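A.B. asks: Just so you know, the protein sequences line up as chains Y and Z, in that order. If you count the first sequence from 1, position 103 lands on 103 in our numbering, and the numbers rise without skipping. If you count the second sequence from 1, position 107 lands on 107 in our numbering, and the numbers rise without skipping.
Just to be clear, a hint being listed does not mean it is correct.
As a list, the in silico EDC-like pairs of lysine to aspartate or glutamate whose alpha-carbon atoms are at most 16 Å apart [said to hold, decoys possible]:
(1) Z:18 / Z:62
(2) Y:99 / Z:95
(3) Z:11 / Z:95
(4) Y:109 / Y:77
(5) Y:109 / Y:18
(6) Z:98 / Y:77
(7) Y:99 / Z:56
(8) Y:109 / Y:82
(9) Y:60 / Y:82
(10) Y:109 / Y:81
(11) Y:99 / Z:59
(12) Y:54 / Y:81
Between beta-carbon pairs, the in silico distance windows are [to be verified]:
(13) Z:105 / Y:5: 22 to 30 Å
(14) Y:58 / Z:84: 38 to 46 Å
(15) Y:65 / Z:61: 28 to 36 Å
These aren't lab readings, by the way, just hints derived from the structure by calculation. Owing to the predicted nature of the structure, the values given are computational and were not obtained by experimental measurement. Glycine residues also receive a C-beta, built at the ideal position from the N, C-alpha and C atoms.
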Amino acid sequence: GDQVEQSPSALSLHEGTDSALRCNFTTTMRSVQWFRQNSRGSLISLFYLASGTKENGRLKSAFDSKERRYSTLHIRDAQLEDSGTYFCAAEPINTGNYKYVFGAGTRLKVIA
Amino acid sequence: EAAVTQSPRNKVAVTGGKVTLSCNQTNNHNNMYWYRQDTGHGLRLIHYSYGAGSTEKGDIPDGYKASRPSQENFSLILELATPSQTSVYFCASGDAGKNTLYFGAGTRLSVL
Numbered sequence: 001g002d003q004v005e006q007s008p009s010a011l012s013l014h015e016g017t018d019s020a021l022r023c024n025f026t027t028t029m030r031s032v033q034w035f036r037q038n039s040r041g042s043l044i045s046l047f048y049l050a051s052g053t054k055e056n057g058r059l060k061s062a063f064d065s066k067e068r069r070y071s072t073l074h075i076r077d078a079q080l081e082d083s084g085t086y087f088c089a090a091e092p093i094n095t096g097n098y099k100y101v102f103g104a105g106t107r108l109k110v111i112a
Numbered sequence: 001e002a003a004v005t006q007s008p009r010n011k012v013a014v015t016g017g018k019v020t021l022s023c024n025q026t027n028n029h030n031n032m033y034w035y036r037q038d039t040g041h042g043l044r045l046i047h048y049s050y051g052a053g054s055t056e057k058g059d060i061p062d063g064y065k066a067s068r069p070s071q072e073n074f075s076l077i078l079e080l081a082t083p084s085q086t087s088v089y090f091c092a093s094g095d096a097g098k099n100t101l102y103f104g105a106g107t108r109l110s111v112l
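All chains, please: the whole structure from these sequences, using the hints.
C.D. replies: In structure tokens form, the structure reads like this:
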């Protein structure tokens with residue numbers, strides 16, 4: 001069954017606002033990655049986390065280190081270029097190493 | 001910078017025909033993956049590999065074969081293509097230690 005549930009499925013933000021995307025996992029995960037897919041279809045890696053938090057500019061991601069059952073991606077001061085589809089991918093602890101399961105994505109549109 | 005190259009970028013095939021999608025990576029990564037992306041499903045894992053000579057079934061392997069003749073190359077083979085295999089296919093590579101995935105640009109396959 002589905003192991004990675006992303007929310008929201010779609011989101012519109014005004015420039016300059018903040019928001020958070022979330023991935024819930026139905027099983028314990030070893031690690032999580034976040035990607036952005038642009039309008040050309042290219043998938044760009046944003047973060048890889050085995051625990052804790054990471055920050056890069058206006059983006060910050062966290063992975064629940066205790067239960068390992070959810071991860072978040074925070075976007076601060078949203079800009080037009082942040083538009084795209086965001087995916088999380090997580091590695092279940094109870095399957096083979098390095099086998100990632102993707103969520104269905106969050107389609108983000110930033111408007112002026 | 002990680003480099004994953006897919007070919008062809010676009011392919012039109014006939015039902016029952018054989019299709020081979022190729023992927024080459026210059027990162028010396030051990031792990032390679034084939035995903036397909038369909039609306040509403042995110043990316044789903046078809047086959048993956050831990051190194052030359054190894055292929056493993058992913059979550060949706062039926063109708064697909066894979067081949068990893070070398071560290072650099074990983075192919076996805078559709079022996080008898082069907083219209084349900086119309087999709088966008090992504091190849092990725094990852095380091096066995098810190099498995100950040102690096103994706104190719106994708107192959108758009110239409111089976112008529």
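A.B. asks: Indicate, hint by hint, whether the structure satisfies it.
C.D. replies: Outcome of the hint check:
no.: 1; hint: Z:18 / Z:62; result: 15 Å, holds
no.: 2; hint: Y:99 / Z:95; result: 12 Å, holds
no.: 3; hint: Z:11 / Z:95; result: 29 Å, violated
no.: 4; hint: Y:109 / Y:77; result: 13 Å, holds
no.: 5; hint: Y:109 / Y:18; result: 13 Å, holds
no.: 6; hint: Z:98 / Y:77; result: 30 Å, violated
no.: 7; hint: Y:99 / Z:56; result: 10 Å, holds
no.: 8; hint: Y:109 / Y:82; result: 8 Å, holds
no.: 9; hint: Y:60 / Y:82; result: 13 Å, holds
no.: 10; hint: Y:109 / Y:81; result: 9 Å, holds
no.: 11; hint: Y:99 / Z:59; result: 10 Å, holds
no.: 12; hint: Y:54 / Y:81; result: 20 Å, violated
no.: 13; hint: Z:105 / Y:5: 22 to 30 Å; result: 28 Å, holds
no.: 14; hint: Y:58 / Z:84: 38 to 46 Å; result: 40 Å, holds
no.: 15; hint: Y:65 / Z:61: 28 to 36 Å; result: 33 Å, holds
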